[in-house]
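Student: Residues per chain are reported as follows:
There are 2 protein chains.
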Amino acid sequence: MHRQIPPATVQRLPIYLRCLNESGSETISSETLAELARVNSAKVRKDLSFLGSYGTRGVGYDVDHLVYQIGRELGLTKDWAVCIVGIGNLGRALAQYRGFGERGFAVLGLFDSDPAKIGKKVGGRTIEPLSRFKRAVKDRQLSIGVITTPAASAQEVADQMVAAGITSILNFAPTVLSKPDNVDVRRVDLSTELQICSFYLARSRGKQAS
Amino acid sequence: MHRQIPPATVQRLPIYLRCLNESGSETISSETLAELARVNSAKVRKDLSFLGSYGTRGVGYDVDHLVYQIGRELGLTKDWAVCIVGIGNLGRALAQYRGFGERGFAVLGLFDSDPAKIGKKVGGRTIEPLSRFKRAVKDRQLSIGVITTPAASAQEVADQMVAAGITSILNFAPTVLSKPDNVDVRRVDLSTELQICSFYLARSRGKQAS
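Just so you know, the protein sequences line up as chains A and B, in that order.
Counted the way my numbering counts, the first sequence spans residues 1 to 210.
Counted the way my numbering counts, the second sequence spans residues 211 to 420.
I should point out that these hints are in silico values taken from the structure, not numbers from a laboratory.
Each residue gets a CB set at the ideal place from its N, CA and C atoms; glycine is no exception.
Be careful, since some hints might not be right.
[Said to hold, decoys possible] Pairwise CB distance ranges, derived in the manner of DEER restraints: (1) 38/A - 252/B: 18 to 28 Å; (2) 349/B - 130/A: 44 to 54 Å; (3) 414/B - 38/A: 44 to 54 Å; (4) 272/B - 101/A: 20 to 30 Å; (5) 49/A - 236/B: 21 to 31 Å; (6) 40/A - 250/B: 41 to 51 Å; (7) 35/A - 256/B: 16 to 26 Å; (8) 49/A - 345/B: 31 to 41 Å; (9) 345/B - 165/A: 52 to 62 Å; (10) 334/B - 64/A: 28 to 38 Å; (11) 49/A - 375/B: 35 to 45 Å.
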């Protein structure tokens with residue numbers, strides 16, 4: 001089961017999954033999926049071949065089956081318990097983000113160090129103090145930690161997550177975190193997509209001007 | 211100047227840029243950059259060759275020069291004026307996100323349809339009604355529109371953006387938008403990275419179990 005899937009393919013699987021879920025059709029060609037996902041169709045076929053999916057000539061891929069295969073590959077057939085530390089605007093937005101639940105991510109813990117926030121509810125869940133963090137990770141089997149604190153507190157929070165046994169961290173704070181080798185830290189930079197907008201905008205204006 | 215850069219390479223350029231900015235060194239090898247950006251080093255060399263950057267054997271790439279080249283390619287040498295429509299938690303978080311300014315994106319307009327929000331300030335800027343949108347786009351030369359409304363309002367907002375002359379839209383609302391061919395709509399799904407966490411977590415647990 002554990003074929004080697006290149007990281008770049010892993011990055012595209014969630015995009016394919018979203019496009020498939022939104023496609024509304026029973027079958028899809030690699031060309032259509034490529035257009036929706038904004039990659040070339042040879043890459044789509046290559047990526048999906050890692051899942052053992054090859055499609056049918058003239059018909060394409062069965063959407064339901066492909067959704068199942070990608071979901072299985074991404075580990076989405078299991079529900080993951082997620083905690084969010086740092087309940088500012090972004091933490092609040094994520095705590096209420098419906099897309100998480102739909103994908104099998106259950107937000108089962110909200111933590112903050114600000115006494116004024118503790119006890120308040122966001123999305124039906126009460127904000128807890130960090131002193132309860134370690135216990136909560138164990139009791140609720142929290143496996144993914146999301147950091148939405150300011151940059152200055154992110155390392156301390158990451159250290160607490162690691163100490164509590166979390167091995168998968170999603171970091172929205174604009175800073176680099178040091179961590180042990182067995183912990184996977186992914187950084188989300190909200191300006192990445194704006195930079196891609198900028199690329200295409202600069203190109204299209206360049207074309208108009210030339 | 212307008213070589214064809216594959217979309218997958220464009221997607222990785224902002225990641226390289228962030229890794230380079232954070233590296234703190236004067237030169238960097240393709241192997242180090244690959245490790246930071248989590249792709250393989252052959253891909254890094256291929257991607258950078260599209261920018262005309264080849265590095266020096268045994269030395270690697272000059273970081274400052276590479277930052278300049280990627281920034282130029284992404285159109286970041288020009289400042290872009292950005293507006294955000296939908297000032298809920300996510301809109302607020304983005305309006306105050308420091309990473310935008312650092313990358314040359316100036317948030318010059320915050321809009322909402324809720325009378326209770328209009329006139330309030332976020333990050334030093336006043337929330338305006340949508341009735342002022344078209345005029346603001348023209349006066350402030352707003353070129354990128356960010357949608358952070360609920361899904362149900364997103365299409366209407368996108369239509370208003372298009373009518374006002376915006377050709378680049380970043381959509382955080384969990385819905386597919388229809389748009390004219392000359393408009394670039396990019397969708398941001400905040401659960402994408404969680405799904406990648408899930409992939410690696412499922413793999414590592416699978417390995418422990420086997």
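Student: The structure should be examined with respect to each hint, and the outcome stated for every one.
Tutor: Quick rundown of the hints versus the structure:
1. 38/A - 252/B: 18 to 28 Å: 23 Å, holds
2. 349/B - 130/A: 44 to 54 Å: 46 Å, holds
3. 414/B - 38/A: 44 to 54 Å: Check failed, 30 Å falls outside 44 to 54 Å.
4. 272/B - 101/A: 20 to 30 Å: 46 Å, violated
5. 49/A - 236/B: 21 to 31 Å: With Cβ atoms ~41 Å apart, the hint is violated.
6. 40/A - 250/B: 41 to 51 Å: Given about 19 Å between the Cβ atoms, the range is violated.
7. 35/A - 256/B: 16 to 26 Å: 23 Å, holds
8. 49/A - 345/B: 31 to 41 Å: 52 Å, violated
9. 345/B - 165/A: 52 to 62 Å: 54 Å, holds
10. 334/B - 64/A: 28 to 38 Å: 49 Å, violated
11. 49/A - 375/B: 35 to 45 Å: 43 Å, holds
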